[in-house]
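In order, the protein sequences belong to chains A and B.
Residue numbers for the first sequence follow our numbering, beginning at 1 and rising by one.
Residue numbers for the second sequence follow our numbering, beginning at 1001 and rising by one.
Treat the hints with care, since some could be wrong.
List time: in silico DMTMM-like cross-link candidates among lysine to aspartate or glutamate, alpha-carbon distance up to 25 Å [stated by the list, open to error]: (1) A/K51 <-> B/D1305; (2) A/K752 <-> B/E1309; (3) A/K51 <-> B/E1114; (4) B/K1325 <-> A/E379; (5) A/K300 <-> B/D1210; (6) A/K752 <-> B/D1305; (7) B/K1118 <-> A/D50; (8) B/K1346 <-> A/D331; (9) A/K828 <-> A/D184; (10) B/K1325 <-> A/E534; (11) B/K1111 <-> A/E534; (12) B/K1325 <-> B/D1293; (13) A/K752 <-> B/D1086; (14) B/K1346 <-> A/E379; (15) A/K529 <-> B/E1110; (16) A/K530 <-> B/D1107; (17) A/K752 <-> B/D1210; (18) B/K1325 <-> A/D50; (19) B/K1346 <-> A/E27; (20) A/K752 <-> B/E1103; (21) B/K1346 <-> A/D50; (22) A/K421 <-> B/E1309.
Quick caveat, the hints were computed from the structure, so don't treat them as lab data.
Residue-level listing of the chains:
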Amino acid sequence: MANADCIVIQGSNMAECHPVGYQWVVEARMRGAKVIHVDPRFTRTTANADKHVPIRAGSDIVLLGALIRGVLEQDLFFDEYVRHYTNAANLISEDYQGPEDLEGLFSGYDPTTHTYDSATWQYAQDEDGEPLVDPTLEDPRTVFQILKRHYARYTPEAVETTCGISPEDFGYLLRAVTENSGRDRTTCFAYAVGWTQHSLGAQFIRTASILQLLLGNMGRPGGGVMALRGHATIQGSTDIPTLFNLLPGYLPMPSAAIHDRFDDYVTGVGRPETQKGFWSNGNAYAVSLLKAWWGDAATKDNDFAFEYLPRINGAHGTYQTAVRMLEDGVDGFFILGQNPAVGSANGRMQRMAMSHLKWLVVRDFSLIESATWWKNGPEIESGELAPEDIDTEVFFLPAANHTEKAGSFTQTQRLVQWRFKAVDPPGQAQSELDFFHALGVKIRERLQDSDDPRDRPLLDLTWDYPLDEHGDVDVDAVIREINGFHIGGEDDGRAVDGFNELRADGSTASGCWIYAGVFAGDENRAARKKPRSEQDETALDWGWAWPANRRILYNRASADPQGLPWSERKRHVWWDADAGRWTGSDVPDFPADRAPDATFESAYGGTGSLRGDDPFIMQADGKGWLFAPSGMIDGPLPTHFEPQESTVRNPLYRQQNNPTRVTMPREDNLSAPGAGLPGSEVYPYVFTTYRLTEHHTAGGMSRWLPYLSELQPEMFCEVSPELAAEVGLEPYGWATIVSPRAAIETRVLVTKRMRPLTIAGQTIHQIGLPYHWGSGGDGAVVEGDSANDLLGVTMDPNVFIQASKSLAGAILPGRRPRGPERQDLVEKFRSEAGLTQESGNQHLSVPVEDVAASAGAGRLTEPLSQEDLEVAYGPHGTGCTCDTPMVEGADFRRAEQPSPTTHRRTDDRTGRVDILPGAEAVAEGPSGESAEGPAGETDDGGRDEAADGSADESGEEAPAETPNDEPDPTKGEHSGPGQQAHGTDQQRRSEEDD
Amino acid sequence: MTTQVRRETLAEGSAVGEASMEESLTTDRLGEPTEHRSWGAQAHERKGFFTDTSICIGCKACEVACKEWNSNPQDGTYELLESSYDNTGGLGANTWRHVAFIEQDGDRIEKARESGRKLVGLGMPTVGPPTGAATTPGAAASNEDAAASGGGCSGCGPSGCGPSGGGCGSGGGAQAGTTIEADLLSGLLDGDGTTADLSNVDTTPPDTADFRWLMSSDVCKHCTHAGCLDVCPTGALFRTEFGTVVVQNDVCNGCGTCVAGCPFGVIERRDDGTINTPTDRDDRSASEMDVHDEGTANKCTLCYDRLLEGQEPACSQTCPTQSIKFGDREDMVEQAEVRVRDLHAKGLTEARLYGANPHDGVGGTGSVFLLLDEPEVYGLPPDPRVPTKDLPGMWASAGAAALGMIGVAALSFLGGRR
């Protein structure tokens, strides 16, 4: 970031939530860069930026889409980059239709399942299966022309009426990013959960990726779309995941009935026949993982023990798991590095869910609220729960903190950094590594005489880590296993140098293929700490970045098609014609000797077919995807929809909300009706949740510490002077905030940093709520009501993150009622609004038959009247015909299973498939419930270090989106591992930082 | 006696002739003494901070690192202080670094910009581009002339001289001219003593002009003429070999004289009033912490213990954006001058230095600040004066009065004889 000429921070409060990383923004400013903060609030980031552009929460795609439109219409894109490095010239299927044609929908929508079949989004092909292209970009079916049409309605006027941003501010932003892009200059975007935590969060990031590809800012110094991860090793806990649908290195978790055979699974990962990116070697990565886990028990004859892997048969994210608990479908639960009673959306639902468990293990530093809800929680106070009626047995185990154990942190730039143990943990506190190792040893002892085949995966695990003199697991042995080693032959036992050494024949093992090389030459390269004064700015000898120690992904794009740097100022990696190799200050992210002018006949055929100008080597076709033919559940191009509880009608399309968002219609998870519908006036204000510098997520690492607690001692809300006057709020007095889920009280900060926005003549007031406080924990220095109790659970369909940045509520002066009257107040508002389970949960705002008709007959043009709206989805939403009821006991979203064919095409990469009829028995793997338990957020990024062992399931918090400079957050059969970084539900946490 | 020397040099605008009295004193490039009677032979360069508030992100890591390192008691009430994001209030016995948060809207920003511009305009034709290093003595001399011709204190706003601190009103007109020159403008000069015409340099102010949120980390100033040290009756306060001012808690008897002696309100006695503070509401309770050095005066030591080990202070080491810099005081002042010049060149004329002026009422401070508004806005005194500053004058007056009385008495005798 220090190399950027312009930095746009949007969807992130970087200075407050990533203060250490913000030093690079400060440095860029010192070097003359312009820093722009696009955010609903004026924050500490804004205070250190050149320009604040206030925006209505949840409208980011309109702003970014308008920038795309401006760049295209005014010919401001980086022509040579776009033509050579993106899929702009590809022709898309003749059957493709987009929101322009279908009132906001794409072709392929199934109103019964609320999902898309992406068949019509594919590249058009000739008879030989080769993609059709038009290098002139003029064919109306080219990606370039489709992009132009798609964003034609994203005008500066639309920005003003949707985002509340003036044409002057929009013009400033457009000028800033275009003047600072090109051969000689680069612009970067930074985001965090302000983009991800929406019902279409993954598409927010896609929009920025498209813009950055058009401007030529991908793979170059000072460019990219920077995903700011929530804390210390959230990146690491995605790489070696704590996610239900991923295996290490972004390999998908196999799905029941779809991946029954190893061959099917490998096809899902990637094969040379359909790929020229590095996923075509998926077979080698998967076999090496299985060899690392099951050693000699994994043989060619048994498909390398593929049968031992658990299968998923639906979404088993944190919220789905909570629902299964409520339905008594979960016996036990491990909580590590997380405090779901405070940190997860709809806290009451989380606490009630835990009361259905038979046993609960909490590992933390203190008795956090998730360990004490049964005696001191809000539901005890209200009388809804009584300790004597709760059967859950709660175990509390003390945890070691990050200074008390060795391991690695993988940070936002994919940089793996080692830290050493400084002191012994106090008392019985243990590291996660030691805990899970000991647990595994005990379980295996218990099972050693078993002849039940289901115990084989546990008994055959390579669980032979050497112990040091204190009886602790040797951490180096773990990271060495992650790195990988050779098996048999003359190299037997030698650590692999990189993932190119991995083989599919069982002669290598690697616990996480993208980390292959971190222990090359039997040296822990993550522990390299050469001072910056002794090396150049790229600092390749500080830590180790996956993959292959590359500091900028896709850095082939930092050179022009001929292999020369785009400019001296921005040189990074280039072709050395004399040596016949790529060279530069970074490790080239390209086959080292592939000449820039290398061409091959076939479009696919493995990495040997990558052309010299295919920089995006993890993509199936080597190009940056402006248009995503596969990988995105909710459409190939980002399209604006309003948040679930928006107080505004969608100004761009008749379709109001993301038609594929994951809703959870339940009595304990009610939603406001949505703009324009009766009852919506009961919840007139928008609230948004976020973090403060002074606290750490749900407070487990800060509210117990006096030095941090005194800095931000009390829960507060931030409101504008205008809203304070409208409602009658006293500065620093008390306010009660009511949502359809809960009521909380806060102190009131009246500040001009909050600003009402005018949207289509309507004044929109936004209320800011930090979410660090909770009540009932033992020994917390400060307590307060939890903002996350207000949140409902509605999720992004790609990654199952909850929407927590734009919700509807009411605010009243004064403190909330105590005891049972608290819930009475919530109930009063609900009945006034006439809420039902269907409220706000309609997927279609356009009558089903109209969509079906328009699919054949072109677009609908008549706006819907209020009557139409009510016909479409009922006065309170009750007339909806398209929502399906909860499926008993598990994945609640859909009753019908789309055909396996559809899944194979769209869902393999994410493992996001749904319950199969008659297959509700979830394949609980060796790690059982814990594998699907929410992972950590409260604490200590220290707990989730990659080297803490494969069973570590703590901490995944932050936006999982693009690891770093990644061009294109799509995933899917034809994309690469970088892409898969998105396919996680770890973004779901409301806890996550901003 | 040393004080006497200093006063004379100020009045004469030159100290060169007084060398015999000042052998142990460091002088700045104007030949002015920057140190005071507590200064002995220095084993090290004088150390100090440069706190650049223009890049402070208000993370408060300095506050926490300071308390952690020094094991200072938590001293907040665990209630909102009703002061934006500031909940620790100010420097005291336990909080040795404190971050202020100030929310301002457009007209205040313009006033700050205007007042900073005026400070520059005083005697200075234009803002110079960042062309060179520190000014030469010759440059300073011409600068001084220019400042003098600018009419003394005429540019001072209602709040005094703003950044340039204490010169205004603390002495005669001659001092005032010197004062203005030194703190604000010395960094704005070309190497050859002339100033460049910046009329064709883009000095458009930055883009957000209708609102701002100032953040600033305050700390003990480690004054050249330290009031706390001057008045300490027990010798508990001393000047270290790094030029800093430190309390020896095992010597301090808790008399509290130093508390009144500090013109910045920094030093405070650690007692029941500042620890385990009682709270208003029963759902708040102060933490129980071990309290050391209870009943004695406490303040920032500039991490004396760390300096002795060759380490930098905890606050500057932890500062993520290098808003707090630590080093030789002379270097700090130079960096500060370069920075203020850069900001002015960008049109940010609200930038000004605080504590860099060796002619203010405390002889300049070891902790130098770059501020974006007048000092009062941050809770800093615009015109800090060491309380012993007037002692020589008082002694002189008292002496004169005594002489007069003796004269009267003598006269009466003489008259009686007549």
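Hints and how they fare:
no., hint, in the structure
1, A/K51 <-> B/D1305, "violated, 42 Å"
2, A/K752 <-> B/E1309, "violated, 46 Å"
3, A/K51 <-> B/E1114, "holds, 21 Å"
4, B/K1325 <-> A/E379, "violated, 50 Å"
5, A/K300 <-> B/D1210, "violated, 69 Å"
6, A/K752 <-> B/D1305, "violated, 43 Å"
7, B/K1118 <-> A/D50, "holds, 24 Å"
8, B/K1346 <-> A/D331, "violated, 64 Å"
9, A/K828 <-> A/D184, "violated, 60 Å"
10, B/K1325 <-> A/E534, "holds, 22 Å"
11, B/K1111 <-> A/E534, "violated, 46 Å"
12, B/K1325 <-> B/D1293, "violated, 28 Å"
13, A/K752 <-> B/D1086, "holds, 16 Å"
14, B/K1346 <-> A/E379, "violated, 57 Å"
15, A/K529 <-> B/E1110, "violated, 47 Å"
16, A/K530 <-> B/D1107, "violated, 49 Å"
17, A/K752 <-> B/D1210, "holds, 10 Å"
18, B/K1325 <-> A/D50, "holds, 23 Å"
19, B/K1346 <-> A/E27, "holds, 16 Å"
20, A/K752 <-> B/E1103, "holds, 8 Å"
21, B/K1346 <-> A/D50, "holds, 12 Å"
22, A/K421 <-> B/E1309, "holds, 23 Å"
Against the hints set out earlier in the document, violations occur for numbers 1, 2, 4, 5, 6, 8, 9, 11, 12, 14, 15 and 16.
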